[in-house]
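Asker: The lines below spell out each chain.
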Amino acid sequence: MAPKASDDTTTGGESTGAEAEDLRLGRRKAARYIVPVTVIGVAAATIGLVPALADSGDPDLPKITAQQLLDKIAASDVQQLSGTVKISTDLGLPDLGGLESGLLSGATQGGDGSSADPSTKLTELAAGTHTLRVATDGPDRQKLSLLENAAEYSVIHNGKDLWGYDSASNEVYHSTADESSDKGSGKGGTAETPVPATPEELTEEALKAVDDTTSVTVDGTVQVAGRDAYKLLVKPKQSGSTVGAISVAVDAKTGLPLKFTLTPASGGAAVVDAGFTQVSFAKPAASTFDFTAPKGAKVTEGDEAGESAPGHSGKPGDLTKDLEGGEGVKGAEGLEGLDGLNVLGEGWTSVAVFDTGGEGMPSGAEAGGDLGGFLGSFGDKVTGKFGSGTVFSTRLINALMTDDGKVYVGAVTKDALVKAANAAK
Amino acid sequence: MSRADTVDDRNRTPASTTAPEPASTSTSVRTANWTWTFGLLRSELLTTFRRWRTLALLGVLAAVPVLVGIAVKIETSDGSSGGPGGGGGGGEGPAFISQVTNNGLFLVFTALAVTLPFFLPMAIGVIAGDSIAGEANAGTLRYLLVAPAGRTRLLLAKYATVMIFCLVATLVVAVSALTVGALLFPLGDLTTISGTRIGFGDGLLRALLIALVVAASLTGVAALGLFVSTLTSSGIAAMATTVGLLITVQILDQIPQLHALQPYFFSHHWLSFADLMREPVYWDDLEKNLGLQALYAAVFGSAAWARFTTRDITA
Numbered sequence: 002m003a004p005k006a007s008d009d010t011t012t013g014g015e016s017t018g019a020e021a022e023d024l025r026l027g028r029r030k031a032a033r034y035i036v037p038v039t040v041i042g043v044a045a046a047t048i049g050l051v052p053a054l055a056d057s058g059d060p061d062l063p064k065i066t067a068q069q070l071l072d073k074i075a076a077s078d079v080q081q082l083s084g085t086v087k088i089s090t091d092l093g094l095p096d097l098g099g100l101e102s103g104l105l106s107g108a109t110q111g112g113d114g115s116s117a118d119p120s121t122k123l124t125e126l127a128a129g130t131h132t133l134r135v136a137t138d139g140p141d142r143q144k145l146s147l148l149e150n151a152a153e154y155s156v157i158h159n160g161k162d163l164w165g166y167d168s169a170s171n172e173v174y175h176s177t178a179d180e181s182s183d184k185g186s187g188k189g190g191t192a193e194t195p196v197p198a199t200p201e202e203l204t205e206e207a208l209k210a211v212d213d214t215t216s217v218t219v220d221g222t223v224q225v226a227g228r229d230a231y232k233l234l235v236k237p238k239q240s241g242s243t244v245g246a247i248s249v250a251v252d253a254k255t256g257l258p259l260k261f262t263l264t265p266a267s268g269g270a271a272v273v274d275a276g277f278t279q280v281s282f283a284k285p286a287a288s289t290f291d292f293t294a295p296k297g298a299k300v301t302e303g304d305e306a307g308e309s310a311p312g313h314s315g316k317p318g319d320l321t322k323d324l325e326g327g328e329g330v331k332g333a334e335g336l337e338g339l340d341g342l343n344v345l346g347e348g349w350t351s352v353a354v355f356d357t358g359g360e361g362m363p364s365g366a367e368a369g370g371d372l373g374g375f376l377g378s379f380g381d382k383v384t385g386k387f388g389s390g391t392v393f394s395t396r397l398i399n400a401l402m403t404d405d406g407k408v409y410v411g412a413v414t415k416d417a418l419v420k421a422a423n424a425a426k
Numbered sequence: 004m005s006r007a008d009t010v011d012d013r014n015r016t017p018a019s020t021t022a023p024e025p026a027s028t029s030t031s032v033r034t035a036n037w038t039w040t041f042g043l044l045r046s047e048l049l050t051t052f053r054r055w056r057t058l059a060l061l062g063v064l065a066a067v068p069v070l071v072g073i074a075v076k077i078e079t080s081d082g083s084s085g086g087p088g089g090g091g092g093g094g095e096g097p098a099f100i101s102q103v104t105n106n107g108l109f110l111v112f113t114a115l116a117v118t119l120p121f122f123l124p125m126a127i128g129v130i131a132g133d134s135i136a137g138e139a140n141a142g143t144l145r146y147l148l149v150a151p152a153g154r155t156r157l158l159l160a161k162y163a164t165v166m167i168f169c170l171v172a173t174l175v176v177a178v179s180a181l182t183v184g185a186l187l188f189p190l191g192d193l194t195t196i197s198g199t200r201i202g203f204g205d206g207l208l209r210a211l212l213i214a215l216v217v218a219a220s221l222t223g224v225a226a227l228g229l230f231v232s233t234l235t236s237s238g239i240a241a242m243a244t245t246v247g248l249l250i251t252v253q254i255l256d257q258i259p260q261l262h263a264l265q266p267y268f269f270s271h272h273w274l275s276f277a278d279l280m281r282e283p284v285y286w287d288d289l290e291k292n293l294g295l296q297a298l299y300a301a302v303f304g305s306a307a308w309a310r311f312t313t314r315d316i317t318a
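Sequence order for the protein chains is A and B.
Using our numbering, read the first sequence as starting at 2 and increasing by one per residue.
Using our numbering, read the second sequence as starting at 4 and increasing by one per residue.
Just to be clear, a hint being listed does not mean it is correct.
Chain A is faced by these chain B residues, among others (derived, beta-carbon under 8 Å) [stated by the list, open to error]:
(1) A98
(2) S101
(3) N105
(4) L190
(5) T194
(6) R200
(7) F203
(8) G204
(9) L274
(10) S305
Have a look at the derived ranges for each label pair, beta carbon to beta carbon [what the hints assert, rightly or not]:
(11) A:F282 with B:L212: 42 to 48 Å
(12) B:E290 with A:T130: 52 to 58 Å
(13) B:R200 with A:L62: 55 to 61 Å
(14) A:P63 with B:K291: 35 to 41 Å
(15) A:P63 with B:E290: 20 to 26 Å
(16) B:P283 with A:D78: 32 to 38 Å
(17) A:D381 with B:I250: 41 to 47 Å
(18) B:Q257 with A:G406: 49 to 55 Å
(19) B:D205 with A:D381: 44 to 50 Å
(20) A:L62 with B:D205: 39 to 45 Å
(21) B:Q257 with A:D381: 30 to 36 Å
Since the hints were made in silico from the structure, they are not lab data.
Built from N, CA and C at the ideal position, the CB exists for glycine as well.
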C-alpha cells in the first residue's frame, strides 16, 4: 500500500531528519511565519503611505489675484468634459435613511410617482456620500449619473430630449426640453439639474453671493484629480452666519472649478464637499448620450406643468438648494416664489421669512401633518420679543418657527435668527 | 467524510505517485518538475470533482438561477408589463432583477448577485476547508506527503484546485442562468445600467468578464479556507470554521459602527462586479476588490504555507 517513494526524498525535502539540527529547525519553522506577517506589514504600510506619497505637495503656479481667478472662472468655457465626482454632504440631519429622502422628495415634488424623475431622485444627494459621473459635449449634450450599488441613475440631455433612467427599477422619465433651455445651459457646463451637484454648479451658486459682505482670497494651490489648481477662499465678513468658509479649487488651465468645500462656522467636517476624483477634457463618446428606453421599461412623460422640475429654471429644485447647495442667499431667492415671503437683511446673514398662517408647524408640504409632529421632537424651544417658537437646526441651515405661524429660515446662527425675528416684530 | 471519498483518496495516492518516478531518479528531486506538478494538480482535480459532495454543491448552485428565473417568470406572466413591484418604489430585490423580464442575459447578473453573498463562498468554504484537513482526517495526508512533491507543491496544487473550483462554480451559475434566461425570456441588445445600449455579443463578453471577476472575488475566501484547513485535522471543523467566518464577516459588514474596518473585509467589495455593467466601466471598486482578494490570498496563502510546511503530520 505504501508508495515506493523513499524516506530520503521526504526528509531531504522537509529536513525533518538530523536531530542535532532541531534547534536550527525550530528557528526556521518560526521564521516561516515571518512571511505572512511581512505581507500584512507591507500592505498596511502601502495603504498608509501611498496616499501620503501620492500627495506630492502643492503645485507651483504663477501668482494670481482673487479678481483674476474670478475672471478665470467666469471665462471658463469647457465644452467637453467627462469625469467622476465624489460628493459628501453632512448637514447634521439625523440619519433617517430612506425616510429622509422620501420626505424631501415629497416636499419638492408633491408626491407624484416615477422614481426616474430627476427632481425626485437627485434630492438623495442631500445626505451622505455619493459618486457621480458627468459628461458634457457642448451645450446640447450632457449626462449626469448617480452611481448606486449595482444600479445607476442617469439624467441624459441630448438635443431636445431630456431622459432620466433609473436602472434599479427600470423606469424612464422623458421630457422634451423647450428652446429656452438650450440657452440656459449654454455656458458649456454640465447638465443643469435640479440640485447643483458638480463642483462647477456649486461654485456658480456660491459666487452669486459674492458682494461687499464677502472676502475672497486666493489661498495657495492644490492638486485635484491630478490637475494643478488654485484655491479660492470665500468667507463671509459678517458674523452670525453659519457658513465658515467656502473653498474652491479652480483648474489652473481651464478655469473649471474642480473641488468645492463648504465648512461650517461651528467647525468640524465639511457640510458639502464635492470634487472631481477623475477628470478628462477629451470629447466623450457619442454613444454616451444616446438613449432609447429599454424594452419593457416604464416610461413617464414629463407634461408641460412638470417641465420646470427637471429642466433648467428648476424652481422646485431651489427648495432643496438651500438644504444642499449651501448659502442662505440663494435659498432665499428660490423661496421668493412662495406667497408672503420676505427677506430680512442682506448678504450671508439674510433670513427668509414666510407666513404659513398655520399653527406654527409646517403646513406647506403635503407631508406636513406627519412631518410636523415628527420634527417637533428635534426642535429647541426659544422665546423672545417675537413670542415663542421652535428652532430646528442643522449644521448649516437653521429655521425658527414661531407659534403664530411665521417661519424664519437662513444660514445663520440661532441667535441671529432670534434677533431677526425680534427685529421683524 | 464519506466512506466512498476515503476509498477514492486511498486509490488515488499510489496511482498518482507512479507519475513522478522518473523525477525521483534524477539527482535533484526538488527541482521544478512541472510535469509532476501538473500530474499532482490533475489528480487533485479528479478527486475533487469526482466527489458526490462537489457535484451536489454544483447542483445546488445550478438550481439557484432556475428558481430565480421561474419566480420572475411567474411573477410577471399575468401583468406582462414592467418589472416586479409594479411602478411604485422599485429597486428592491436583488440587483438587476427588474431587467430580467426584458432580457434573459440579465438573469446571469441577477443569479451571480444572488449567489455571491452566500452560496458561492459557502461552496468554496466546504471545498477549501476540506482540502488539507479532510486528507488528514481520512489518514491519506501522509501518503500524499511521501510522494516526492514536497509540501509546498502539494499546498499549491490544493490551492490551485480550490481556485479552479471557484471558477467552475461561478461558470456553472452563469451558464445555468444563461440557459434559463434564454429559455424563459427574450434575448437581444441590452441597456447598460448607465442607460447606453450594447449589442448582445458585447453583453455576453461582459457576462463572461463578470463571471471571471466573481470567481476572482472568491480567492480570498479560498485562501482563508485553506489556511484554516491546515490548522486542524478535522475536515468538518475546518469547513464549519470557514463558513462561520464567512457569515461573521458578512454580519460585521452590515454594522455601521464598523465602517472604518469594512473596506478591509473580503466580502465588502464583492458586488462591485456590477460596475462592469456601467458605461464606461467604473474601475475603482473593481480594482479595490481584486487588490483586496490578492492581499487575502497572499496573507493566508503564506500563513497556510508557514503552517503546513512546519507542522507535524500525524495522520
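Asker: Hint by hint, work out which the structure violates, then give me just those numbers in ascending order.
Answerer: 4, 7, 8, 11, 12, 13, 15, 16, 18, 19
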